[in-house]
Amino acid sequence: MASMDIKIQDHGTVVDGKKQRIMCNHCEKVVSGYSRLKCHLGGIRGDVVPCIKVPADVKEAFGKEVRAKKKGNLTRDVGKLSPPNLPTRRTWSCVSSSTELSVPESFEPSEDENEKRARTGASSRNGGRSFPLNPCTPSVTTKQYSLSTDAQKAIGKFFYETGLDFTASSVRSFHRMMNASTENLHTIDGIPSSEDLKGWILQEVYKEVHADVQSIRESWASTGCSILLDGWQDSRGRNLLHILAACPRGTVYIQSVDITGFDRNISFMLLLLDGVIDDVGVENVLQIVTYTTSPWMAETGKRFMEQHGTVFWTVSDSLCIKLMLERIGRREDVHDTLVKAKTITSFVHSDFFVLKLMRDLTSVHDLVFPSKFNFLIPFLTLENLFVERKNIQKLFCSTFWETSKLASTLEGRKVAKLVADDSFWEGANQVLHATMPLVRGLELLSKNDVPKIAYIYETMDQVKEKIEKNFEGKESCYQPVWDDIDYIWNNYLHSPLHAAGYLLNPYFRYADGFSDDSEVRSGIDACFARLSGNYDRVCSQLLHYEMGDGAFHQGISCALKKSPGSNMYCLHYYGSPLTTKLNMML
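Taking the numbering used here, I'd label the letters of the sequence shown as residues 10 to 595.
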């Protein structure tokens, strides 16, 4: 059947004449116009889905017609862009526009031509393409600079870590950026192509990562490690669990498990953790840090410690501080203040001109303060508001505001009244007094150079002292906040390891104000009882440590001269066998 014998109207029915909606007579698919119906029938993908019920001869006829039309349009458009008097790319030279070079189709580059191509930065790795610094500048004026293998791998790591499409390495602007790094004195050769990034570079980087992981695993025998459990629910409603191992050398991924349907099954979780312990080595594990305070997980931890007498169980410090802030935030005065602050920020950020005026009057770009911990954002934003309160009040007293339409709206009047209310700002100040020490404490514990176990105990003590100071020692103000903190500390966060870390950290033990209370002593005793096979010997070493004599003297002197984050391993390195596993982890 010839295409001229086929009429498109015979294969479609108009269902909406005004909007040119046509229904396919074969599959009842509705498309926009007869042109798309032809593509639909001809199996041409792009704007429409191909028809699966159209006869083969009809499909072939309309397919040929559409392809022929597209080819004709392309030829016409290219012709418009190619004036006949201009030389072709192969015969064009920027140096002399009047000279044409006739190049045979079977042309093979000579040795001189290959050298010239090398000077322009062409590389076998980028498909032989040359990206000169400036298309109209003779490339012979630049020098060739070849990237080292390490530099090529560094570029590869950048692509892997950012998740960029590998084809970006062939984009001209990427090459110009690389050339600009040499101040345009060189044309860089050897910029990795997408084939390199998918091939030899990926293999080399994988070998390096694998070697790093093996090195970290080997260090567990001397430093021990913490098993980190991180769970969440994805968009499909699955309960997923990440399992990691963290030690002073770094954090290693162990495995991910879909625990949907088993997330409250204690026996399943114990079996899963037993497999992890077998992989890591029970003698290398100091503690398991979990992501939830749910009763079933707490019971799992209790049974796990009964089975594995040398391993501790605790809850993530960030989760516990989140719970502390949530308890404080449930107080009526705190909750109302946070709601009012959100009302102000939402209003300012909802209007471009108000936001621009705010940026002109204040030193901040956004009132909402970002954080990797989402639960900290309301408190950091409130602090932002309080610091800029004078400028924000100026905004709502300005001529711009008073003459704007927003000033007469219900929401505008509400926000302006709120900003002018001194009681709101006083309430904000009280909330910040109660919460910001916790926020700063979490920020400290989240630093990579801070060994958490050695700092949690002292950090929480300092948080409470700061809150008391903020309220000028008024017990009626700070005690309710302390009660909220102590509830989470006593029920979830506190571990004997934290007390041991506090005592075995020379930076704290020999500082003024060291708190030698029963909680610290009972904590260190519990740690030694679980981790040491010779309790009496450990107690004797502990006495020498606290007196600072013998093998400890030089190590302690070294530790006290360093920053808090770098002194935790000196006792081991200076020859003391004081619970090597515990001391190295702390």
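Hints are computed from structural coordinates only; laboratory data are not their basis.
Quantities reported herein were computed from a predicted structural model and do not represent experimental measurements.
Even for Gly, the Cβ is constructed at its ideal location relative to N, Cα and C.
Honestly, I wouldn't trust all of these hints.
DSS-like mimics (lysine-lysine), calculated; alpha carbons at most 30 Å apart, straight line [claimed, not checked]:
no.: 1; residue 1: LYS78; residue 2: LYS62
no.: 2; residue 1: LYS475; residue 2: LYS351
no.: 3; residue 1: LYS207; residue 2: LYS331
no.: 4; residue 1: LYS27; residue 2: LYS38
Across the chosen pairs, the derived CB separations fall in these ranges [as the list claims (entries may be wrong)]:
no.: 5; residue 1: GLY270; residue 2: GLU204; range: 42 to 50 Å
no.: 6; residue 1: ASP174; residue 2: ALA520; range: 48 to 56 Å
no.: 7; residue 1: ALA160; residue 2: SER524; range: 49 to 57 Å
no.: 8; residue 1: GLU204; residue 2: ALA520; range: 53 to 61 Å
no.: 9; residue 1: HIS344; residue 2: ASP375; range: 18 to 26 Å
no.: 10; residue 1: ASN383; residue 2: ASP174; range: 45 to 53 Å
no.: 11; residue 1: ASN457; residue 2: GLU315; range: 45 to 53 Å
no.: 12; residue 1: SER224; residue 2: VAL396; range: 42 to 50 Å
Tested hints:
no.: 1; hint: LYS78 / LYS62; result: holds, 24 Å
no.: 2; hint: LYS475 / LYS351; result: holds, 26 Å
no.: 3; hint: LYS207 / LYS331; result: violated, 42 Å
no.: 4; hint: LYS27 / LYS38; result: holds, 18 Å
no.: 5; hint: GLY270 / GLU204: 42 to 50 Å; result: holds, 44 Å
no.: 6; hint: ASP174 / ALA520: 48 to 56 Å; result: holds, 53 Å
no.: 7; hint: ALA160 / SER524: 49 to 57 Å; result: holds, 52 Å
no.: 8; hint: GLU204 / ALA520: 53 to 61 Å; result: holds, 58 Å
no.: 9; hint: HIS344 / ASP375: 18 to 26 Å; result: holds, 23 Å
no.: 10; hint: ASN383 / ASP174: 45 to 53 Å; result: violated, 29 Å
no.: 11; hint: ASN457 / GLU315: 45 to 53 Å; result: violated, 34 Å
no.: 12; hint: SER224 / VAL396: 42 to 50 Å; result: holds, 45 Å
The structure is inconsistent with the numbered hints 3, 10 and 11, although it conforms to all the rest.
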